[in-house]
Amino acid sequence: MFWLALVAIGSRGALAAPEAQGDVLATMRTALEEAEQKLEAATAREADDAYALSYEVVDHRETTIQGSHGAAAGTVGSRRRSVDVDVRVGSPELDSTHKIRDESMFGGDERARWIVGFEGPLDPLRRLLLRATDDAFRQARSRLLKVRSNAAVKVAREDGSADYGPAPAVTHIAPPAPVMVDSAAWKATTRELSAIYLQWPEIIDSAVQLVVTEDDRWLVNNEGTQVADGRRHLRFATWATAVADDGMELSVYDYVDVASPDHLPSPAAMEAIVRGVAERTAALRKAPVVDPWTGPAILRGRAAGVFFHEIFGHRIEGHRQKDEDEGQTFTKRVGQPILPAFLSVVDDPTLTRLAGEDLNGHYAVDGEGVAAERVSLVDHGILRNFLLSRTPIEGFPRSNGHGRRQPGNAIVPRQGNLMVQAEGVVSFAELRKRLVAEAVRQKKPWGLLFDDISGGFTFTGRSTPNSFVVQPVVVWRVWADGRPDELVRGVDLIGTPLATFANILAAGGDTEVFNGVCGAESGWVPVSASSPSLLVSEVEVQRRAKGNDRPPLLPAPMASTAAASR
Amino acid sequence: MIAALALVGLALAADVPPASLALQSALEAELARVSGLRLPDAPTPWLVSYDVLDGPLHYAAAEDGALYGTNHTVHRMLRAQVRVGDAVVDSSNFSSFGGPDGVQLRALPEEDLAVALRREIWLSTDAAYKGAVELLSQKQAVRRGLKEAPPPDYEVLPPTVVAPGAPVGSALGSAAVDALARDLSSAASVGVIEAAQAEVRDWHGWHLTVASDGTRAWRPAGNVVVRVQASVRRADGTEVRNARWWVERDASALPTSEAMLAETRAMAARLVEIAAAPDPEPWLGPVLFEGPAATELFSQLLAPELVGTRPEESDDSMLIGGGTPRARLGRRLLPEGWRVWDDPTSRSGAAGEYTLDHEGVAPHRVDLVVGGVVKDLLMSRIPGKERVHSTGHGRGLGDGRRAAIVGYTHVAAPKLLPARALRRRALDLANAAGLPGVLVVTRLTPPAMVEGLEFAMSGDAPLAGLTAPYEACMLDKKGVCAPVRNLRFVGVDRRALRDIVAAGPGPGPENQLDGPPGTGRYTIGTTGGIPTTWSVPSVLVSELELEPAVGGEPRVIRVERGEK
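If you're matching them up, the sequences are chains F and P in order. Per my numbering, the very first residue in the first sequence carries number 1; after that it's consecutive. Per my numbering, the very first residue in the second sequence carries number 567; after that it's consecutive.
Bear in mind the hints are in silico, worked out from the structure with no lab data behind them. Errors might be hidden in some of the hints.
[Said to hold, decoys possible] Distance condition first, Cα-Cα at most 25 Å in a straight line; then the derived DMTMM-like pairs of lysine to aspartate or glutamate:
{"hint": "1", "chain 1": "F", "residue 1": "Lys38", "chain 2": "P", "residue 2": "Glu1119"}
{"hint": "2", "chain 1": "P", "residue 1": "Lys941", "chain 2": "P", "residue 2": "Asp965"}
{"hint": "3", "chain 1": "F", "residue 1": "Lys38", "chain 2": "P", "residue 2": "Glu805"}
{"hint": "4", "chain 1": "F", "residue 1": "Lys546", "chain 2": "P", "residue 2": "Asp607"}
{"hint": "5", "chain 1": "F", "residue 1": "Lys38", "chain 2": "P", "residue 2": "Glu1126"}
Produce the complete structure using the sequences and hints provided.
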């Protein structure tokens, strides 16, 4: 199950730039050379050697400044320097990372997670890298035995491609500058903005926060690749929670993701965001619940982006094309139409901004040291390519720089900036007109407009239905008889990919960006998904899981005093 | 060294703020509204209590002289408990696995803004009340068909009122905590030692209780914990570990940083010595527990036998607390003449001393074991069948129950042999069994550092036997004690204490971190663990069995230490 979700991760500590220290990259190179020499000497008489070795170190610093109910709720921070060591034993054709088919759920080798001190001399890093290499090598050597016996016992694989593909050595030295944030000023800002929610007595819980994330990364491998770069990310976020009379908990979350403090919203814009969340939360509490239904719908740009991320993006990740436990929806469809001819899809991690927004899925070099590439996945409706790491698939021997991971996980190909592009677009007003017309044609009293979403998930395996769920937060009922649009609640958009693609009728000219983090086998990685609004002839909605608790039994304390200032 | 010197200078730089009367006002304002909590056909609260831990927290973790984790923040955590029913049968002392709870934990804003504080208290109280109503009905359903009614759920006592005094407790501060973690991990990171980590946690502040029975109790709270551990990986792949730890009420009670560094270096040297010992052999024979190992022996085997808090009822006894051992009056725990008492009131400065327990009850001395037989039990305000009154030992962590745990426990033998005489007696016993020497254990693995799942997961499970020795040696007739490594006990339980055949001078009072079974018992990251103190003699047990615990794969890459 793969999630595109919005999760602000709280943490502790204080804003601080990394201390000056020695050359991390040089230490990693030294350790890698030392490890190679020692492994070579120790395994000279063995048939299987460690043919690929790479180290990645990520220094992650995160600070959250939060206000709640008009008070400072704390400035908390964390810092962690993670170490990943990847050792491949065997040969590129068959190595220790090869999937063991029908492996017991308890038989998998647990990947070691390492952290190292984020200050001081670098010899501890060198020693940790050597220890981790030793552990990873021994584990890989043992696993290769299992891989070989598994290959002997099982029938031939459908995809006979190798386990590791070639890639040129890359040198990319581009460390980003530290983020300078006035934590005292932000403490005051989040405190003041959080007090706005007190004006809505129906809102029981709320917060306003700024999350600053700084990642510095170093990567080396035994092919000569050297990377020193990083990522800067700031999120202004706010949420509010109310409980409807039927027990449904209604949480509205809004945020702005940027790559630089200069791009953060202005004070007026932040206040507008907070007031917007408050008003939507209050309105949702009174909104009617929609029963399970099928019919025409418009997915606004952000919703359409997440829709594509779930139903398409995860299914064109390369490793799923050779894994025989996967549904492989598109594996055999290269060169064939899978979407209407007016739609194309690309994934371009090299892009930093789109439609006036910073893109969360930007990076220059992936987790395997391969330069990120713009990939044309679907060209005028025809499937052309997949997202690839250095694990080749049949017909696609080369990485296109999409091998990604959260520290501590094995790399698989992932999405970066997924972009749906359309030709022959119409204005949103025209798209809405067509929605009404489609509803009339289908003899439906109304259609749905999915205005904003919080995330979604999908199942891609063979043992589960190949379905998806997109979780909207703002949905409007668009009446065919001309009545004003009506806010509704309590529905999730569901479906299966191939059937849903066939129902896309038209696209608007209003590209919007959804920035988020996506969770899958290789952990949580930042991504974006952008799309124009899409008109779909038929979608299905199901009732959303809801809580059953009564709203708070007593009125909010001091509610009358606070509400008076509204 | 600069950091170590700084520590001495900073040791008394208290940063504990004065008690927040605004916080008390907010709690009282919400308490005044709880009479309005009503659900259809459901009981109303009969007792509502709020506990807040409020104070600065400093935490640092380091390896090889470098920090890898820090947490410097204000820990301001509310525990709201709502009880419905009455003192005889209420919603407490019952767990529903993954279900509702009458206790809610919630972080409070760091600022004293009434509306913000009250919002969090209001939401916690509401959730706790709804949880309590459901819990009571589940409890009543489970109790149907019971032949005998369990004891009452709560002992009603007069309210406790204690006004806040001046802040007590010296805090190290963030810089000193960081420096100490760095320095200790660096001191242990020498020679063949593969990894050495240090953790330092210093939390000081206030514990405020405001309850609907009229209790308004302020007391200073907090403790400082320092742990250092190191490991060696032998050429044959076997890992050998050792550790040192300090638990004190505040920083002023810690040894000087120089003393801790010296002790850490000694630990590291001892570890290297032990790691070089030959392969262990199985052992069946007398075992002498000296120093901290004697404290750990009694803490692990004796403590559960002294606590009268009954296990929590649940909707599935297989899942929750069903296996918790119950102490029994009249049970022989120790040989004739042995005495055990617990007295948290002795005012010696030990970490296990306190003036009010977590239920607002003043503790008193309890004579637990007389003549080797259990005569009395430690009690919280949860009555038992055999004892119904609190002894002032009710303490707990997080959203767990306030169950009785030891405070400052004294174990006294009828006769103490001088140390050398005790060793001679041990050798005589070994000789009589045809053994060339006797096993001397000087340090056992603290439960918090055991890697086994039963401890590492959550601390929920009762102690399974006795943890493995960190430091042990084989004492021969010439008085030479050769290091022994990688042994673990087999089949040890409380009955081993009845096999004590002699005692000698103990290590003196030693502080530990403990707690009722539950989350946080052995963790030190935030405010986990409750300080306890033990004063015990060294003891000789006539026969115990240990087996080798070796294994692992030799390293392919040998890692030499570079320049620091």
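Here is what the structure says about each hint:
1. F:Lys38 <-> P:Glu1119: It holds: about 17 Å lies between the C-alpha atoms, which stays within 25 Å.
2. P:Lys941 <-> P:Asp965: Outside the cut-off at roughly 31 Å; violated.
3. F:Lys38 <-> P:Glu805: Given that 25 Å is the threshold and the Cα spacing comes to 21 Å, the pair holds.
4. F:Lys546 <-> P:Asp607: Since the Cα atoms of Lys546 (chain F) and Asp607 (chain P) sit roughly 24 Å apart, the hinted pair holds (cutoff 25 Å).
5. F:Lys38 <-> P:Glu1126: Given that 25 Å is the threshold and the Cα spacing comes to 12 Å, the pair holds.
Consistency note: the structure conflicts with earlier hint 2 alone.
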